[in-house]
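Participant: Listed below are the residues making up each chain.
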Amino acid sequence: MSGSTRWGRWAIPLAAIPVIVLLAYGFRTDPRAIPTPLVGKPAAAFRLKTFDGPEISLEGLRGRVVVINFWASWCYPACYEEAPVLERGWRAYKDREVMLVGINIQDKEEPAKRFLAQFGHTFPNAPDPAGRVSVDYGVYGVPETFFIDRAGRIRAKHVGAVTDAIFSANVDRLLAERP
Amino acid sequence: MTPELGYAATVVAFGLALYGSIASAVAGRTGRTALVQSSERAAVGVWILVTGCMLLLVYAFLTFDFSVRYVAINTNRGTPFYYRITALWGALEGSIILWTWMLALYTLIVVVQYRRRHPEFYPWVLSAMMGIAAFFLLVMTIPAPPFERLTPVPPDGRGLNPLLQDSGMITHPVALYLGFTGFTVPFAFAIAALATGRIGDEWITITRRWTVIAWYFLALGLLIGGWWSYHVLGWGGYWAWDPVENAAVLPWLTGTALLHSVMIQERRRMLKIWNLTLVILTFSLTIFGTFLTRSGIIGSVHAFSQGSIGAFFLGFLALVLLTSFSLLAWRMDRLKAQGELDSIFSRESVFLLNNVFLVAAAFTVFFGTIFPLLSEAVRGVKVSVGAPFFNLVNIPLFLGLLILMGVGPLIAWRRASADNLRRNFLMPTAVGVAAAVIARALGIANSLVLLCIAAVVFVTGTIVLDFLRAVRARRRSGDGWAAATLGLLRRQNRRYGGFVVHLGILVVALGVAGSNAWSLHTETTLGRGESVELGGYRVRFDGLRASEESNHFKVTGTFTVSNGVGSRDVLYPAKKYYAQEQNPIAYVDYRLGLIEDVYLVLGDFARDGSQATIKLQVNRMVSWLWLGGLVLTLGTGLAILPDRKKAA
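Quick note, the sequences are listed as chains A and B, same order. Position 95, counted from 1, in the first sequence is what the working numbering calls 185; the numbers after and before it change by one each time, with no gaps. Position 318, counted from 1, in the second sequence is what the working numbering calls 384; the numbers after and before it change by one each time, with no gaps.
Treat the hints with care, as some may be off.
Chain B is nowhere near these chain A residues, computed Cβ spacing over 10 Å in every case [to be verified]:
# : residue
1 : Arg154
2 : Arg178
3 : Gly210
4 : His211
5 : Thr212
6 : Arg222
7 : Glu267
Facing chain A, according to a computed beta carbon distance under 10 Å, are these residues of chain B, among others [unchecked claim]:
#  : residue
8  : Leu358
9  : Leu388
10 : Ala443
Treat the hints as calculated values from the structure; they're not laboratory data. Ideal Cβ placement from N, Cα and C applies to all residues, glycine included.
If we strip away everything but chain A, and leave its shape as in the complex, we get (with noise of 0.2 Å):
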């Protein structure tokens, strides 16, 4: 047998590897990031009886930086696990010119009421009775997180639970924006 064909038939668990490299390759990317065409858009207007009484809008938030939370009760494991989060990011910006809202989408009051007491939020949060809001924003899945500058302009949006990480810098990027 000639040296070609002896090494040659090698060839065949080697043409494996290059495809396991591509496959390994798709890692890298992040098939959560999905676009959306809001960013840049000025956040759509919205009023809400939140759970506690008071009304809040979005229109008097102006000119400071705001941060719209969409969750729901039922939605375990990524609402649950930001939960402590976004309160820990409300305790640290609170003085800072910036508002966090949680906005309750398809849930019932009972639940959504629970999950508020479980984590001890004290940054205001509404039910969107009529899903009126998430359609707006264009909601796809809960947990979605949306950052709007002082001038009211959607600058971001986190698909899925959001980490300290991802918090402050988007909210610091913002706040470091002079009006």
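Assemble the complex: chain A is given as a structure, and chain B must be docked to it using the hints.
Facilitator: Quick look at chain B alone, frame taken from chain A:
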């Protein structure tokens, strides 16, 4: 308790499987029978433990044990009884249990069937199968544990994905997984053949029936998936070249090639390397399919990105490909073909061409599926190729395969004489061309459909001709018509089972061609009392009503459908609102028919019920797909009947 018990059983089963795999490999090298028996007991133990895990999880579902995370995510108190059982395979972790359980079951069957036969192969087969089982148990232990504890225990669960609350989803994964796991057995025998160096036809003869069964379940799984897509998703079609559908069709294509090419090896001692390559590829593609579905590397309507599991599957895929192809390269010297091609006009070369077409189709689908990755790696942009690409390349290949389907079984081995060709193909070709001409005269203008009709009639002609000749031959030896037919089916069950399967494929092919060429659709908004016409049907919007169901809120439309001949029917398409879903789920209503289906989807509507937007389709010949599936089932049943030729 349940989560800990289940987790412990998983870990023990993993240990047993790993031990069994290593012990029987050692036994294979040293011939120590005590070790083989020990790993047999390990195989039985694995099966018992995995069965226990499955029952435990079912019990947790039935008793709403929300301390198990998987149960809390995939069921809630409103989920009906039967969906609480099938929720078992409603998501990743449970699907892996189901897969592992089937694998353990197949291993048990192999133990029972082959314990006293094929003593050279047996330890290696056991080693390969238990090694694979060990991998799946490892997945159940680390990246996808079905028995993870949830604290605090929630009062209610999230609920099963509403799209999966359908009869199609009860059976589709089961059939598909029976197919996927089924290919493990031929693969394990191929590895055994390579490890022992006994690379004759033995492994092929032993595993033929296994390959047929795995192939059949995969085909069935694909068809049921199409049915689910058609009547649940509400987009009006059954196949979309979605990456996950592609992942399931890939092993089916190479498996089909394998089923055919092994016949050449049995008969002519050729294609040994090729057959081993095909079986390795087919098994690897089943793993690739799971990798693709679960790693989330490619966007799909199905894909659910799940942490580290993708890396596990990719590692395993690399291990399988590198080990088995290295074994193959190592044994290359012994794999010299003993026969060679004598003529282009021979059954060997037609089968070879069939293999080339099937593998080309598989390659195209594979390439198209991973193209977004390739393009991102090379050019930095994510570009998907869609249905046009897949159709462009695959339609000619499949038409070619249809024609080969008629030629292959009847053309002579080695070298076909002009007489053989004339005798077998003149009439069917004439009938096929005539059918196309008649169809054209009847007003069918679509050239693809005409080609398909010609091919289908040609193939049917060859089958009928062959069968009639054989029956006539038996009649000459004194049998009556019925006895001759039955005797033929029984004695040559493998050949005629194959023919019936071919007929099933033809029926499916007609369904695909017809539904693509002739289906009609329209989208329109109707006020109450208004109607729309399509394809001879008149659909009137009669109103809306809302209702609260056990686990969702439902808005149902009432539509009266009438056709020209005065028959009337009422359809109730609906939209279902589940608490756990953002978007409402469409509930399609339809009337199935042999020639056409009326298919109605409710879109947006005015809250007061005065207006509704509908999608109306008249889908032609889609039912032929499901009929084809029935024929396929009959044919497979016939093909795998125990052989009586030798006994009689």
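Participant: Hint numbers the structure violates, sorted upward?
Facilitator: none
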